[in-house]
Amino acid sequence: MNQAILLLIPFASPFIAAIAASFLPTKARNAAASLASATSLIGVIALLCLYPVIASGEVARFGVEWLPTLDIAFRLRLDGFAWLFALIVQAIGALVVLYARYYMSPEDPVPRFFSFLMAFMGAMTGVVMSGDMIQMVLFWELTSFFSFLLIGYWNHSESAQNGARMALTVTALGGLCLLAGVVVLGRIAGSFDLDVVLASRDVIKNSPLYLPALCLILMGALTKSAQFPFHFWLPRAMAAPTPVSAYLHSATMVKAGVFLLVRFWPVLAGTPEWGYIVGGAGMFTLLFGAWTAVFQNDLKGLLAYSTISHLGLITLLLGMGTPLALVAAIFHIVNHATFKASLFMAAGVIDHETGTRDLRKLSGLRKTMPYTAALAIVAAAAMAGVPLLNGFLSKEMFLAEALQAPEGRDFSLMVPVLATLASALSVLYSVRFIHQVFFGPPATDLPKSPHEPPRWMRFPIELLVLICVVVGTIPALTIAPVLGFAVKSVLGDATPYYSLSIWHGFNLPLLMSFIALIGGTTAYVLFGKRINRADKAWIVGRFSGARAFDRAMRWMNISAEWMVLQLGSKKQQWRIRVLVIAAILAGLVAAGFGGLGMKEAGIAIQRPGISFTLIWIVASVCALAAAWQAKYHRLAAVILMAGCGVVSALTFVWFSAPDLAVTQILVEIVTGVLLLLGLRWLPKRSVAMAPSKTDFASRRRRAMDLTIATLAGLGMATMAFAVMTRPGGSHLSNFLLEESYPRGGGRNVVNVLLVDFRAFDTLGEITVLGIVGLTIWALLRRFRPAEESRGITEQRRVQDRHDKLHEQRQSGDTLHETMLIPSVVMKWTFPFIILLALHLFLRGHDLPGGGFAAGVAMSVAFILQYMAEGARWVEERLRIRPLYWIGGGLLITTLTGMASWLFNYPFLTTYFQYGSLPWVEKVPLATAVIFDLGVALLVVGATVLMLTAIAHQSLRTAREIEPVEAPEEGV
525 MNQAILLLIP
535 FASPFIAAIA
545 ASFLPTKARN
555 AAASLASATS
565 LIGVIALLCL
575 YPVIASGEVA
585 RFGVEWLPTL
595 DIAFRLRLDG
605 FAWLFALIVQ
615 AIGALVVLYA
625 RYYMSPEDPV
635 PRFFSFLMAF
645 MGAMTGVVMS
655 GDMIQMVLFW
665 ELTSFFSFLL
675 IGYWNHSESA
685 QNGARMALTV
695 TALGGLCLLA
705 GVVVLGRIAG
715 SFDLDVVLAS
725 RDVIKNSPLY
735 LPALCLILMG
745 ALTKSAQFPF
755 HFWLPRAMAA
765 PTPVSAYLHS
775 ATMVKAGVFL
785 LVRFWPVLAG
795 TPEWGYIVGG
805 AGMFTLLFGA
815 WTAVFQNDLK
825 GLLAYSTISH
835 LGLITLLLGM
845 GTPLALVAAI
855 FHIVNHATFK
865 ASLFMAAGVI
875 DHETGTRDLR
885 KLSGLRKTMP
895 YTAALAIVAA
905 AAMAGVPLLN
915 GFLSKEMFLA
925 EALQAPEGRD
935 FSLMVPVLAT
945 LASALSVLYS
955 VRFIHQVFFG
965 PPATDLPKSP
975 HEPPRWMRFP
985 IELLVLICVV
995 VGTIPALTIA
1005 PVLGFAVKSV
1015 LGDATPYYSL
1025 SIWHGFNLPL
1035 LMSFIALIGG
1045 TTAYVLFGKR
1055 INRADKAWIV
1065 GRFSGARAFD
1075 RAMRWMNISA
1085 EWMVLQLGSK
1095 KQQWRIRVLV
1105 IAAILAGLVA
1115 AGFGGLGMKE
1125 AGIAIQRPGI
1135 SFTLIWIVAS
1145 VCALAAAWQA
1155 KYHRLAAVIL
1165 MAGCGVVSAL
1175 TFVWFSAPDL
1185 AVTQILVEIV
1195 TGVLLLLGLR
1205 WLPKRSVAMA
1215 PSKTDFASRR
1225 RRAMDLTIAT
1235 LAGLGMATMA
1245 FAVMTRPGGS
1255 HLSNFLLEES
1265 YPRGGGRNVV
1275 NVLLVDFRAF
1285 DTLGEITVLG
1295 IVGLTIWALL
1305 RRFRPAEESR
1315 GITEQRRVQD
1325 RHDKLHEQRQ
1335 SGDTLHETML
1345 IPSVVMKWTF
1355 PFIILLALHL
1365 FLRGHDLPGG
1375 GFAAGVAMSV
1385 AFILQYMAEG
1395 ARWVEERLRI
1405 RPLYWIGGGL
1415 LITTLTGMAS
1425 WLFNYPFLTT
1435 YFQYGSLPWV
1445 EKVPLATAVI
1455 FDLGVALLVV
1465 GATVLMLTAI
1475 AHQSLRTARE
1485 IEPVEAPEEG
1495 V
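So for the sequence shown, the numbering used here puts the first residue at 525; every next one is plus one.
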């Protein structure tokens, strides 16, 4: 199979499955689980198919250019280390899916859970396989977002909501630091391509920007991997369902941080700054996490703090900066994923079958759950570093590297001692976990009667524990080849010799391991009862990072409320005033420093012609009159504003821009009608409500607003004049005029600019337009007009009163007669306007027109029908469905851009060819026309959606409000 397809399968299939699962019925647990399982297994199979390529030392790559001039591209890169990590993500994901099928309740919306889980898997795979640093940061932040959804899945739980919010806040802020760090690193290396960056070791380390880049990248890595002092979010995340905890703690999310440290180890490690920051954070986290885990009374809490400790161990190894320490770190990443996933699943089984996770209530479960007990004991022993299990091998390598700590570095002599102490604490909390849960007398006050879980719910634990045993006993035949090419892909020719034998003779690391095993077990025998009685960790329990975070967030909220109280206002006028003043000041500063370019360009201000002057005098009069009438005569103000719009269109014609003139006229029609429809529901204003002439506060406010409006208007006029009188021979103008046809296949430069040269901008703009339409629709669904705006208008009352005075007439006849001719004309114009829209669309690539103008024109056709007969009449005859138009338009434009990837061209690259259609002359068959079709559909959908949202107000409120009669006296 094609290498590119094999790379895309594990990357893209989780996202496709996430979308598909979101459409499944709420109770479709089996279908959602089957879909997620198949997706994970397909990803594993695709990665296994790539094994020969990776084992040969090659790097599998796939890339699609996005913005080549800015070195931004979609790149997938899979070397040995990324392959191993991606396999862990996909394989453990498949086991978690199987486990979750039996763990999740049928009453839960399980398809939504699997949708989030698949999206999370895809985001983590994207981090691992990214060959572009900006792309990596994008998926990095997606892991934070989807973990937020997963942790807060049980949204009825306050602890889940708080844990999700805390995790998102900490990791997303770290992601912003990472973004800044990779931007600096990309600037140093001259590229965001990971291959180029990893080949720029000397350039990066010798750069004066090395330290800022290092600190920012480490901030992202340490927050994601819950290293001190950012550790506090991980224990709060245990409020998530246990399958999420098993996946998040073992193979994803927290492992993303150490993955990043390993990925950039070749170019950032080996300096004193790296050693002090990474090694110091790792050592403190290793000890703090292990010590705190000893005193946890919640099963998942104990495992959460043990995860923090083991992540600290990996971070400490990476901070040592030696190749053998890197080997040990990668090895422990794999081992920790297996035994920690199995332990979390076992904890979930215990909670699922007993109804509690409290270590003080659990006891003697080896008698009622013997299989689960055996599996959990082996996994906990691997976590403790018991010989003949995988955890022992990597922990012994860690102790060996601790003995080799670089001489001369501060506290280097303490590293072996502290490493042994941390290992002893690991043994202590592992022994407590085993003894407290599975030994002792059977518990009598459990919420449920304990029993073994379903067979297939236990299968993932059995498989993972088997891996722990097999790797621990025959590492040379199992993990050694995979670990070998993973290490080789990071270190290259600097890969040291190492041995994965289970026996290296009696040496100091082995002695340290036995000291830890004996010391941890003895400590539990001596202090176990006191530890079980403790409510919090000794010494460090009084300090809480979560409490400090909550206080910081509360202080930020109070500060924000104070700032809003001091600087804000409930009146929209005041806010607009501040925004406009800020814009004026920004324009003045820009003009002061850079000028408007008139003098440098040699522009001589020319006297405009008499005709041009007259039409702008008309526009000025209309603008001033609209401002004067806006408060109490809104209809007049809208009509006067339309006059300004017409003059703007004439100005475009004057400056030989017919395309803009057509668009301006059409937009004026649509906005004018929508404004008129909206004015119907605004509260009435009358001159009697005006402030008195002695109200000096109001007069002062009006004078200030007039001054601000005048300055803003003069500023915009000056800017527009400077732009429009600039010479036409600028480099950009010439480029667009010369390349419009050769590169875009069209002679209408404006349209080619919108759908080809700047198509990405257009895609963003129509997306915003669609969001605006949806927002207006959503707001107006719950909108209720003011009391005085309800009922039938005064004009309708007069007409109905006239009908009631004549016996031969019925109510509504006068209205029907008044609108008869206009309604017939408006209905008859419908097909002709549709033809006009089609004409504008087809000619838009070479002549004035295009998708936007066609969409607005078609919107006018629908608007006229609503005006002629009303919303109910139109919707009984036309099924418009504007939401489908918006979705279809976005889908067409996006797919058009993505289609260029199939031919190895950047996103939204245009292909054009002219052809002939029946009864039509030669027409452009450019792919940009398909993009333009999506623009037209979205414009129609968004405009009609806003129209129907306003029109439906009359369906809800167009009724007489009967006056309430006062009760007679004495009743």
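Hints in this document: simulated from the structure, not taken from any laboratory. Be aware that a few hints might be false.
[Unchecked claim] With a straight-line Cα cutoff of 27 Å, these simulated BS3-like cross-link-like pairs (lysine-lysine) come out:
| hint | residue 1 | residue 2 |
| --- | --- | --- |
| 1 | 1053 | 891 |
| 2 | 1095 | 1053 |
| 3 | 972 | 551 |
| 4 | 1012 | 891 |
| 5 | 1060 | 885 |
| 6 | 885 | 1095 |
| 7 | 1053 | 972 |
| 8 | 729 | 1053 |
| 9 | 1012 | 885 |
[What the hints assert, rightly or not] Listed next, with one range per pair, are the computed distances between beta-carbon atoms:
| hint | residue 1 | residue 2 | range |
| --- | --- | --- | --- |
| 10 | 969 | 1049 | 34 to 42 Å |
| 11 | 1018 | 969 | 17 to 25 Å |
| 12 | 1306 | 595 | 45 to 53 Å |
Since this is a predicted model, take the numbers as computed values, not measurements. For each residue, glycine too, the CB sits at the ideal point set by N, CA and C.
Tested hints:
Distance check on the hinted pair: residue 1053 and residue 891 sit about 22 Å apart at the alpha-carbon level, within 27 Å; holds. Between residue 1095 and residue 1053 the alpha-carbon distance is near 63 Å, which puts this suggested pair outside the 27 Å criterion. Taken as a hint, the residue 972 and residue 551 pair is honoured in the structure, with Cα atoms around 25 Å apart against an allowance of 27 Å. Taking the CA atoms of residue 1012 and residue 891, the gap is near 47 Å; set against the 27 Å cutoff, the hint is violated.
Taking the CA atoms of residue 1060 and residue 885, the gap is about 17 Å. The hint holds against a cut of 27 Å. Proximity of residue 885 to residue 1095 is assessed by CA-CA distance (about 58 Å); at most 27 Å being required, the pair is judged violated. Between residue 1053 and residue 972 the CA atoms are separated by roughly 25 Å; this keeps the pair inside 27 Å, and the hint holds. Taking the CA atoms of residue 729 and residue 1053, the gap is near 52 Å; set against the 27 Å cutoff, the hint is violated.
The suggested pairing of residue 1012 with residue 885 is violated, with an alpha-carbon distance near 48 Å, which exceeds 27 Å. Between residue 969 and residue 1049 the Cβ separation comes to about 26 Å, which falls outside the hinted range of 34 to 42 Å. Separated by about 59 Å at the C-beta atoms, residue 1018 and residue 969 break the suggested range of 17 to 25 Å. Distance hint check for residue 1306 and residue 595: the Cβ-Cβ separation is about 47 Å, which falls inside the suggested range of 45 to 53 Å.
The structure fails hints 2, 4, 6, 8, 9, 10 and 11 (numbered hints given earlier, in ascending order).
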